[in-house]
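**Student:** For reference, the chains in residue letters:
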Amino acid sequence: MKYVTAVIKPARLDQVREALGQIGIQGMTATEVKGYGRQKGHTEIYRGAEYVVSFLPKIKIEVAVPDALAGRVVETIQNAARSGNIGDGKIFVYDLEKAVRIRTGEQDDDAI
Amino acid sequence: MKYVTAVIKPARLDQVREALGQIGIQGMTATEVKGYGRQKGHTEIYRGAEYVVSFLPKIKIEVAVPDALAGRVVETIQNAARSGNIGDGKIFVYDLEKAVRIRTGEQDDDAI
Amino acid sequence: MKYVTAVIKPARLDQVREALGQIGIQGMTATEVKGYGRQKGHTEIYRGAEYVVSFLPKIKIEVAVPDALAGRVVETIQNAARSGNIGDGKIFVYDLEKAVRIRTGEQDDDAI
Amino acid sequence: MKIGLIVLGGMLAATPAWAAESKISSGDTAWLLVSTALVLMMTLPGLALFYAGMVRKKNILATCAQSLATTALVSILWVVVGYSLAFTAGGPWLGDFSRFMLKGLTMDAAHDLAKTVPESVYMMFQMTFAIITPALILGAAADRIKFSAMLWFMGAWVLLVYCPVAHWVWGGGFLGDAGVLDFAGGIVVHINAGVAALVTALILGKRIGYGTENLAPHNLTLGVVGVSLLWVGWFGFNAGSAVAADARAGMAMTVTHIAAATAALAWMAAEWFVNGKPSVLGIVSGAVAGLGTITPASGYIEPYAAILIGLAAGLACFWASTAFKRRMGYDDSLDVFGVHGVGGTIGTLAAGVFATVAVAGLNDKGQPAASGWVDGNAAQIGIQAYGIVVVVIYCAIVTAVILKAIDMLVGLRVSDEDERQGLDIALHGETLQ
Amino acid sequence: MKIGLIVLGGMLAATPAWAAESKISSGDTAWLLVSTALVLMMTLPGLALFYAGMVRKKNILATCAQSLATTALVSILWVVVGYSLAFTAGGPWLGDFSRFMLKGLTMDAAHDLAKTVPESVYMMFQMTFAIITPALILGAAADRIKFSAMLWFMGAWVLLVYCPVAHWVWGGGFLGDAGVLDFAGGIVVHINAGVAALVTALILGKRIGYGTENLAPHNLTLGVVGVSLLWVGWFGFNAGSAVAADARAGMAMTVTHIAAATAALAWMAAEWFVNGKPSVLGIVSGAVAGLGTITPASGYIEPYAAILIGLAAGLACFWASTAFKRRMGYDDSLDVFGVHGVGGTIGTLAAGVFATVAVAGLNDKGQPAASGWVDGNAAQIGIQAYGIVVVVIYCAIVTAVILKAIDMLVGLRVSDEDERQGLDIALHGETLQ
Amino acid sequence: MKIGLIVLGGMLAATPAWAAESKISSGDTAWLLVSTALVLMMTLPGLALFYAGMVRKKNILATCAQSLATTALVSILWVVVGYSLAFTAGGPWLGDFSRFMLKGLTMDAAHDLAKTVPESVYMMFQMTFAIITPALILGAAADRIKFSAMLWFMGAWVLLVYCPVAHWVWGGGFLGDAGVLDFAGGIVVHINAGVAALVTALILGKRIGYGTENLAPHNLTLGVVGVSLLWVGWFGFNAGSAVAADARAGMAMTVTHIAAATAALAWMAAEWFVNGKPSVLGIVSGAVAGLGTITPASGYIEPYAAILIGLAAGLACFWASTAFKRRMGYDDSLDVFGVHGVGGTIGTLAAGVFATVAVAGLNDKGQPAASGWVDGNAAQIGIQAYGIVVVVIYCAIVTAVILKAIDMLVGLRVSDEDERQGLDIALHGETLQ
Ligand SMILES: Nc1ncnc2c1ncn2[C@@H]1O[C@H](COP(=O)(O)OP(=O)(O)O)[C@@H](O)[C@H]1O
Ligand SMILES: Nc1ncnc2c1ncn2[C@@H]1O[C@H](COP(=O)(O)OP(=O)(O)O)[C@@H](O)[C@H]1O
Ligand SMILES: Nc1ncnc2c1ncn2[C@@H]1O[C@H](COP(=O)(O)OP(=O)(O)O)[C@@H](O)[C@H]1O
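Chains as they are written, first to last, in my numbering: chain A, 34 to 145; chain B, 34 to 145; chain C, 34 to 145; chain D, 15 to 447; chain E, 15 to 447; chain F, 15 to 447.
Check the hints yourself; a few may be wrong.
What the hints assert, rightly or not - Below, simulated DSSO-like cross-link-like pairs (lysine-lysine); rule was C-alpha separation at most 27 Å, straight line: (1) K220/E - K418/E; (2) K67/B - K71/E; (3) K71/F - K71/D; (4) K67/C - K117/D; (5) K129/F - K117/F; (6) K37/D - K117/D; (7) K291/D - K71/D; (8) K71/D - K220/D; (9) K129/F - K71/F; (10) K37/F - K37/E; (11) K220/F - K291/E; (12) K220/F - K37/F; (13) K117/F - K37/D; (14) K37/D - K129/E; (15) K37/D - K291/D; (16) K379/E - K220/F; (17) K71/F - K67/B; (18) K117/D - K129/D.
Just so you know, these hints were derived from the structure itself, not from any lab.
The following block holds chain A by itself, in its conformation from the complex (with noise of 0.2 Å):
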């Protein structure tokens, strides 16, 4: 099994989570969290000081899938996720050993 990590623009959310439902992912994690990459680095002024605004929020969303399924997955976060503009995000994939459904105790492709 693979999982698939993709930080993403918060208001893409409810994009990428029905593409993801049209090709059948049936479940998936997310995370309110901040970043910065390319996108990063712009000056705000408040009251006369300036700073560095660094990190911008965003949402990173968890999603295993069985190898086979990996690529499409990958495809279509990055379809319905994109806007084209700076700061759209990333798409990490990792191994993923062993998946367990809690309330059955399925195991692996069947957890998940």
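Using the hints provided, position chains B, C, D, E and F with the ligands relative to the given structure of chain A.
**Tutor:** For chains B, C, D, E and F with the ligands alone, kept in the frame of chain A given last:
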């Protein structure tokens, strides 16, 4: 080493922490997340407008453990987090390459 | 590529970010988490009732890096985050299979 | 005591100047000063918090900014020309410019409608009504109106709708002359705001995600604080409208409180029955419904009537804000029409039913100041209906024209991208951390 | 001025009607109207926020809902029958039904205890006391009581405990006749609520996690706002109990503020000394302790005594809410007994010590309206103790009976699952985002 | 009415005792009781929330604790000796000890400056000014001052700076004698606090991260609530300073509101123009600037002048809190100097320009109570400037001395580690969850 991640019901955090403590797990990181899976898509009505609540509050816990302990940790979490209802959550296990304790520089099994 | 995750003290985030910036790390994701480890179990009294504060606020940072940089990144985080006190946190390193920049579709080392 | 002094004044053959002075009652003035503070508190922070608590987190500061800027803008317009248009003699349709820039509002001035308090206090008291009425409308525009468009709208609406209607009903205009009863603003405030809100909701269109995404209030604690301050402040609104610290103020406060409590329980019970759980949003909405509904009747009725009015308010506004709204399909985001429009209508009609001379007393000419069906004057209900119809039509048309004009000139609604991102950061460059 | 007018009235041989009218003072009425608003503000939003800020995040809306629904429910019961039971002549044990549904509360009615204000205002002022007293109890039941059980309890308690006790002490009942002094509610409000809270805590049992999990306040900013509004509102509570805008009200406000400030500093200092850090929770708890403690004495004492009472309040309530509670092992979640029960007792006894005719003045018969040990009347302390003992016993027994009955009928406590999940979502279907 | 009674009193040859009694007006007393509550509400919760909303999340409770503890501490000092030092005859520099521990403040006492209200009420009203003035200063010390040092500073400052200055201007001291006009505290409150804040900012040094890290307000909703309550409370501050419920109070309330509204719009417009977006922080800061600026002039001027003063306040304070502060490089964290210091100065000078006998009326001797340039008395501007200069110098020096002394004795600033961790947990052991 293994990195065990579990998405559980918020109300179960204390039980899981205690159960892990009893098998000697000395450290853990917890994050507030939102998730959906089987337990999803219930419709709520707010002031006459129907909408789907897709994401429910969950807690993600992360525990780095020596290879030998991984199985027991998974089992322990499973037992402590199970209420038998839908939405009990999932456990994911990955391979952990390296761990460092920042304070001392200890590495790997010594660090966790 | 490697995915370097570190759980650090919140007050150290800015120092770590700067230190990583100096070795050329251009992106990072940060999450508010709660954790315990060695630094745990102190008893607080609130209105006469004793209780154990198990979880303390921490920041988890995640940085995807090319294999070659991983060692330096770990070292840099370690130096910037260390106060020498208990609770300084941990660094975990995993293998990262794939990375994609959503905006451009660039892959792997180019994406991070 | 007033009477006592006047009697004494007569017996002692006081000079006219003396008599004029003696009319200002420090007790009445104290109460109207306080009432002014209370009604300002209804908007800032009351309404600001009520609304801010019901929107999504990304729009909370923008919602506060709307109440704040409306308060500031309307205050200036009121001082410059609004008070003069609403509360000077003028004609049946509008006042005149004799109080332009408050000229002539000297230290010894008093208004005919408030003879025992300095005119400055009466002008300020009325200002707070002119502030909260347009501010109420904004609930229908939540989460999507442009800040600049909002400012233009508030300014135009207060001058073109609020001031005339206030003049018609209270300031010596044709509706007051026709005998329409509106103690503290069922027509002038609640129907006016409710109808304008409905028009606004229709013209602005629905929020992105309406009906599909979770648009539930993000922080009802703020809503609870807001409604609590509205409730407390409403004592100034209704009991202050007696313009004296007397038994009429006391009775107005009593019926106001009873209606709020009854309507809160009624909405709570209805929701518990229909949805299985009594929500906090329901309880506070019920309280506001009761408060708005009792307003036009509050100086004319006895306590038992307040219970009936509160019951009607809680049930009808619950229905209007849920089943009815869903069926009609408009997105009146914070239910201004369902609560204030519907409640104001019920209350205005109820004033025609329950008004009694036992509470309203006699006017200067020795006639009943108000009497409704319970006093045998069923015709009053018709007069009330007449007032409602006139204002609903006028308000709807003028509001629509103003909104359309602003839409053409500066655009009413933010871009989709801004709406998705949230108005706080998009319009004000700030966020709640 | 009142005196002046009455003298004049006599000299001019005014008609009785004239004299009756002249008794209503617009200044006193203005102050009591405002005091009513202030005391309502103590519950909504004051107490609601104070309590909501001290519970865990998952119970914040449920805690608000309790204050809201209690306010609405008690208001209706008060109007229907509560006021009549508490404040009509009746007998030594209870009033009668002569003000059932407020009948006879006409525009010219005045109550014997408040001759210079319309009776409607006095009835409303007393209503706000009948609201906050049961609402206070809910702090002991936080995080675990069922909403429906809570409603039954509040309704029964206000009628079976509050109304009788208010009648005994203030409404012409046997405790007042025995000479028990309770200016603004040490016995009627604070001891009553504190004892009921202790009984509630004992019968409900501890919260899940008490003593092992972190149950510390999740948002003390709300607590600070709540206590601030309690403090400000308490000026209406105590100074309003003078039922006149006069020197007695001024002195009551003065000693109220002094006691609050002193007790806040005392609790802060004690906690700093004992725990090493002065907590915000400690400062605000101290302020509330001082306010509650001074209440029964506030119209009878001089400023120096307020400092002593404040000191005693801060130290004793700190001890009662921490070391003592821990030793006894009950879970009075928000320390209603430790603060209000203990504070009310200290203050009621202190009224017996420090009451002085220099402040209390003379009553209608020309005798000292109150005098304590400092005036040489040490027996007053015994009378105060008698009042305390009677009410503690009565309140404890009736409260226990009510709770047991409700437990059998509908169940007092939510299920473990609901308690773990939080009352907001479990009982009201809402959450704070 | 007052006049009526006095006339009557004369005609009927009332005894002196009678006349003395008759001076207390229940209406005036009601208004001053309320004003006291309103001004206390400005600090708790108004200012506490305004400041708490502008700091970072980790310091929010500590910021609340500062306002709370300052209120408690100053209250006690005021009762013990502060009121006596400020408001008894004494000499030109300071009052005397004749009201030490409030001795002699009996039920029939009245102060010469407030003849129609009981002295206890006047003492309490003035106390609320003595509370908010030092509390304002704390905005300059946000996020870094030690709690213990803060307490020492507040105590010393109120006795060594506030009480003398209040005596000079209001209590019969040399600035009042010189004819300096300060209706409700431009010099005594705002300049005093603003200058002390600037000195505090300079001596404490900048916050860690100033100029590099994001120090923007973490929760402006709290800021909005805080400013709303300041705004409402300011009606008590300024209109209460008329010490009567009369036309002067009405006019003071009017100009206060106008200035607040105008300055809010002016700051908003300026920021919109300069930065491209109107921030909520800007709107509320503008309102506070308008309120502070109008304060010294509020009982002397006509509405048109309030618009001009509001405009000047909004623009000047915007500039002072942004461009000017940045150029000078001090870290007055919440812009106490930029808003209150600058606003107070503008307003005090403006009183010299716009004061008119048409509003101020005549004093006891039949002379204009105040008249400025518009009345042909340009010299008044010079007198105002003299008052400002004296207080700026005195306040700056004594504040600096106090701070340096405390720094040597207990240390002013928390450790870097504590500042990074946040004062809530470091100083009070609590956090906002
Ligand atoms: N090397 C990295 N490791 C982890 N997260 C990263 C990394 N680089 C970027 N991110 C995350 O991705 C988000 C978007 O990246 P950014 O570079 O700003 O945009 P883009 O990918 O469109 O160029 C960042 O806010 C951050 O949360
Ligand atoms: N494929 C997945 N990838 C990541 N997280 C998941 C996945 N499926 C479920 N989850 C997480 O697990 C939680 C519980 O899963 P759910 O399917 O609702 O319950 P159950 O496992 O009891 O059937 C979800 O709320 C979500 O956070
Ligand atoms: N085994 C573990 N798995 C995951 N996270 C851990 C583990 N042990 C510790 N942590 C995280 O690291 C943080 C610091 O660890 P701790 O043991 O308290 O300090 P130190 O590493 O300095 O001894 C903890 O608060 C927790 O978030």
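**Student:** Hint by hint, say whether it matches the structure.
**Tutor:** Taking the hints in turn, this is what the structure says about them:
1. Among the hinted pairs, K220/E with K418/E is consistent with the structure: their alpha-carbon atoms are about 16 Å apart, no more than 27 Å.
2. Under the criterion of a C-alpha separation no larger than 27 Å, the hint pairing K67/B with K71/E is consistent with the structure, at around 17 Å.
3. Restraint check: the Cα-Cα separation between K71/F and K71/D comes to about 17 Å, which is no more than 27 Å; the hinted pair holds.
4. Distance restraint check for K67/C and K117/D: the Cα-Cα separation of roughly 64 Å exceeds the 27 Å cut-off, and the hinted pair is therefore not satisfied.
5. With a CA separation close to 19 Å, the supplied pair K129/F and K117/F stays within the 27 Å bound.
6. Restraint check: the Cα-Cα separation between K37/D and K117/D comes to about 22 Å, which is no more than 27 Å; the hinted pair holds.
7. Taking the CA atoms of K291/D and K71/D, the gap is about 24 Å. The hint holds against a cut of 27 Å.
8. Note on K71/D and K220/D: the hinted pairing holds, with a Cα-Cα distance of about 18 Å set against a maximum of 27 Å.
9. About 47 Å separates the Cα atoms of K129/F and K71/F, which puts this hinted pair outside 27 Å; it is violated.
10. Between K37/F and K37/E, the direct Cα distance comes to roughly 18 Å. Compliance with the 27 Å bound is thereby established for this hinted pair.
11. Pair hint K220/F plus K291/E holds up; C-alpha atoms about 25 Å apart against a cutoff of 27 Å.
12. The straight-line distance between the Cα atoms of K220/F and K37/F is roughly 53 Å, outside the 27 Å bound, and the hint therefore fails.
13. Taking the CA atoms of K117/F and K37/D, the gap is near 38 Å; set against the 27 Å cutoff, the hint is violated.
14. For the proposed pair K37/D and K129/E, the alpha carbon gap of about 23 Å is at most 27 Å, so the pair holds.
15. Taking the CA atoms of K37/D and K291/D, the gap is about 54 Å. The hint is violated against a cut of 27 Å.
16. Distance restraint check for K379/E and K220/F: the Cα-Cα separation of roughly 67 Å exceeds the 27 Å cut-off, and the hinted pair is therefore not satisfied.
17. For the hint pairing K71/F with K67/B, the CA-to-CA distance comes to about 23 Å; that is within 27 Å, so the pair holds.
18. With a CA separation close to 19 Å, the supplied pair K117/D and K129/D stays within the 27 Å bound.
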